[in-house]
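**Q** The primary structure of each chain is shown beneath.
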Amino acid sequence: MPSLLVIIPLLAVLLLNLPLNFLRRLALPAAVLFAVYQALFAMQLLPASCTACPTHERWFVNVLDPLTSVLLLAIAVVAFASVFVLHATASDEKHGFNAFNLIFLAVAGMNGLVMVRDLFSMYIFLEIASVASFILIAAQRDMGGLEGAFKYLVMSALATMMMLASIALLLAYCGSTSFMVVAEALHAHGSHGYLLTAVGLFLGGLLIKSGIMPFHGWLPDAYAAAPAAASTLIAGIVTKTTGVYALIRLVLHVFGPSVAVQQLLLIFGAISVVAGALAALGQSDMKRMLAYSSISQVGYIVMGLGVAGAANKFAAELGVAGAIFHLFNHAIFKTLLFVNAAAVEKQAGTRDMNQLGGLAQKMPITGLTSLLAMFATAGVPPLAGFWSKLLIIAALWLAGYHGYALLGIGASLLTLAYFLSLQRRVFFGLLRAGCENVREAGWALTVPSLVLAAILLGVGVALPWLIGSFLLPVKGF
Amino acid sequence: MDPNLKTELLANVILMAAMLLGGLATVMLRQLVKAAIALAFTSVVLCILMFKLAAPWAAVFELSVCAGLITVVFISAISLVKPATEEERAAHMRFKVRRYFLLPLVLLTVGCGLSYMTVRPLPVVAGAELITDMRILLWGPRALDLLGQILVLLAGVWGVVVLFKEEK
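Order-wise, the sequence lines are chains A and B.
The numbering of the first sequence is this note's numbering, which starts it at 1 and goes up by one.
The numbering of the second sequence is this note's numbering, which starts it at 1 and goes up by one.
One side only, chain A facing chain B, incomplete, derived with CB under 7 Å: (1) Asn-98; (2) Asn-101; (3) Ala-108; (4) Ser-121; (5) Ile-124; (6) Glu-127; (7) Ile-128; (8) Ala-132; (9) Ile-135; (10) Ala-139.
Note that these hints are calculated values from the structure, not bench results.
Keep in mind it's a predicted model, so treat the numbers as computed, not measured.
Idealized CB from N, CA, C, for every residue including glycine.
From just these sequences and the hints, can you work out the full model?
**A** What follows is the structure, encoded as structure tokens:
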């Protein structure tokens, strides 16, 4: 039952907070069990395996949608990794327990967000995930965390204001906020000035939430300053769901990929791909580099979505399938890289890459999985990231956007360059003085790393089986 | 113009001016408690306007949540904050006027612009159902949003627990 994906986390928060001490110790097993349940539920809904999926429920009508199931699966995997990271890195039991509660709430918010088919409900669930994220970032109450949370809060408030104004306009003109009604109204009266304003406002809000350049100001601080588990969750899936997923859903199923929207997405996507990669090159803080890398990778997704309205229907389908596939892949490899960053920070005591070096010999699992994640991000075959980038670039080329396609290939080389720099400075070369006593991170950090690396490798190798049964049907047209 | 309409218009203008003044006071006042009270006053005036514009349910929510509950939360949070030093206050005052003098102008311009905007619902869109009874709307099609709001409140509670509890 889809509603359970929102109700179970809520009940978990209520039950775990009953005044019984032993319940606190159940937070990790409860979170892991729920993540596994959600992953199984989502896989049941995937196009290749769906035989008897729920089609109707009181709250979540027609959630039988491959895009939703991909997101539910990604949320489950990232939440699974985040709770392990939290278990390994929480400063004390009390802070850890509070963060468990907030992760449950954020997951409930994201699950609701990907299952609703109404603009106002979408806004409410988006806020749940965002509010939980602000608090997770600021939870340690250090200056960096508070600053990161404040920037995220201010930019989110701006995005929220734009989205609410848009919803108000759409409600006034369409009489409803349901996706179906708004899509019909826009289809029939698409050139209506106020409706265009509403669409522009909503898209602007979502670009801020996605951290697309030049609306990215909050993102590096929020990712870098957050505690390890929070940055794993937020970088791995929260911004992907509250920004990128919402953008894909609305462009495909509500606003429609008009020529203007298409151009807007291609331009902002291209700026993010290049500027994000260039900014990543200059970073010395490991998490900050990953944050800029995220901006660049989200740019690829947005460029793929920008082909959705192309005259060449095959290119359009390929672009959307590539965008959704890269969204999933990015959630996995970015989570893996943040888990690796958490392991390095915990074991070596710093994220400053200038003070690290040669850690691969001391932390072989972290080093190896980080290498895999790097290759996947840069688009090296046969890892998952290669295929999704290939789909996006092929779609851009087929749609006639040769310049954007070449730019995507060039930026992939930049990605490889900054990640090679990261690998060289952190994991390879001579062991730095002060790192002699570093040991491999504990099971709570190596288990999620291995699981995520296996997913990256498995999805990449199994692509020939996935493309016909899963990738092309997932486009959601 | 009909004298009744004239009085009505005058009342609306006075209320809107009061609301604007309340909003300005909220951002200009030196003490946070007074600013919170000014915000509550703004909400009360907005609530009266909503009643006059035949939106009683929205007015009730505005009065209970914005003017009531949020003021209590603000004052509770303010009670946890250290008072500013003289230097901090002086620095704040220097920038305050520069920061906010454009705000009323922007609000007035947007307000005047919007008053000329006529909202005419588009020709009937299939599937659009207008529910006028708030009880049915809240417990029927909008029940999921209520669940969402419970979750937002819970997240807010954790925010207070995580960020403020140990300050006591």
